[in-house]
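There are 2 protein chains.
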Amino acid sequence: MHEHLIKPIAIIKTDFTDKFGIPRQSGRAPSLLGRIIFEKEFKNGEGLKCIEEFSHLWLIFGFSEAIKDSFSPTVRPPRLGGNKRVGVFASRSPFRPNSLGLSSVKLEKIEKTEDGVVLIVSGADLLDGTPIYDIKPYLPFTDCHTGARGGYADNTADYKLDVVISDEFSKLLGEKLTPLIECLADDPRPSYQEDGREYGMSFSDFEIKFTVSGKTLTVLSVIKKQFDKNSITN
Amino acid sequence: MHEHLIKPIAIIKTDFTDKFGIPRQSGRAPSLLGRIIFEKEFKNGEGLKCIEEFSHLWLIFGFSEAIKDSFSPTVRPPRLGGNKRVGVFASRSPFRPNSLGLSSVKLEKIEKTEDGVVLIVSGADLLDGTPIYDIKPYLPFTDCHTGARGGYADNTADYKLDVVISDEFSKLLGEKLTPLIECLADDPRPSYQEDGREYGMSFSDFEIKFTVSGKTLTVLSVIKKQFDKNSITN
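Residue numbers (the working numbering), protein chains in the order written: chain C, 1 to 234; chain Y, 235 to 468.
Only chain C is shown next, with the shape it has when bound in the complex (with noise of 0.2 Å):
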């Protein structure tokens, strides 16, 4: 019954080329910055006209990596520690029927580029080349409900890592330092996993490792990739 087919409008493009390190929820790392490339059809910017009158815009994407064979009607949310579940429909989780994720976003800028009109948004949780299927004004009349309580997710919404980063890898690091930073802040962490481990992400060019002891995260190294032989021609 109202089986329906979807086509992505658009993809966007961030940092995060693996699922390792996204944030738990849009706006928790607000320096972030995503490229919302769009479809030919699309291309010429006319289903954008008044757009910039709003601050912020909701995108529904697909959780394209978060696919499984079978499906569970529970979920064990990072935050409850990685033990307690609870319903798919009482959780943000990607892993959820018909995979689709939604995420509120600030609307940057609206450039025009040989590709096309893009919007540049920034606080965007979304892996780098998430399919979107439609984006839509933010209302704030309608969309935000200040009283609303937020169940579980209450408790931990507040919680942050502090960060610890040398001047010598903040440098390299440049512009990206910032997001990062909010990133890592959040606590890319499984909860379930003890102190004291390694743990490598990758972000933008770089691959960063870091540990984490208590609420203190330190970064041990970050790399800057080089780029794959196979990519250059000539």
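Incorrect hints may have been included.
[Claimed, not checked] Beta-carbon label-pair distances, calculated as ranges:
1. C/Ser31 - Y/Tyr393: 34 to 42 Å
2. C/Gly81 - Y/Ser404: 52 to 60 Å
3. C/Glu175 - Y/Gly381: 20 to 28 Å
Worth flagging that the hints you see were computed from the coordinates, not collected in a lab.
Quick reminder that beta carbons are idealized off the backbone N, C-alpha and C, glycines included.
Once you've looked at the hints, dock chain Y against the given chain C.
Relative to chain C, chain Y alone:
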């Protein structure tokens, strides 16, 4: 690329058997109740574990009645007088690529019924029988942007009509009186229509006729519908 087949997880039962009269946005008629009835595989309620911790939910649904043969990248929002065109991605119009809708509703009650676990929600601006593709908890710390600019929609956020209705009609409507008045106050007319015309709308088991003059909407008649003979079995 990334075409994706989605299947309803549920349908919602509401008082709107007809598109005309549905509020413009969720929450405009806070007393409107809807019943979310799940598809077979979700009826046992496992996917809803802990959902009672949240006061509000997101519904991603299908604008199942808003399919047009040809797609237009711009739409004419009724609140702008029906003359000004804006891009479809700068509007919440039902006529959009992928026909996906987004509404936040208030979770009122969870009922165990013969038809499985049912969610009773309020503020739902949805047609009766609308397919629901996903339900997510509303997370105030990430979903509520108090300072967001709502563009052209901000200017009309407080627009409301005064509704005049007789005691007799009010009594006949019973518990449907309050939600109906909320819907009528939201001005169901397409905005480019002139004053003085008579309009009809279906609401629950009633046929309503009304007219508008200036900022005042007057209910002309309320008729309780006869049940369709075909639905009576013996």
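Each hint, compared with the structure:
1. C/Ser31 - Y/Tyr393: 34 to 42 Å: Since the Cβ atoms of C/Ser31 and Y/Tyr393 sit about 37 Å apart, the hinted range of 34 to 42 Å holds.
2. C/Gly81 - Y/Ser404: 52 to 60 Å: Roughly 53 Å apart at Cβ, these two residues keep to the hinted range, so it holds.
3. C/Glu175 - Y/Gly381: 20 to 28 Å: holds, 25 Å
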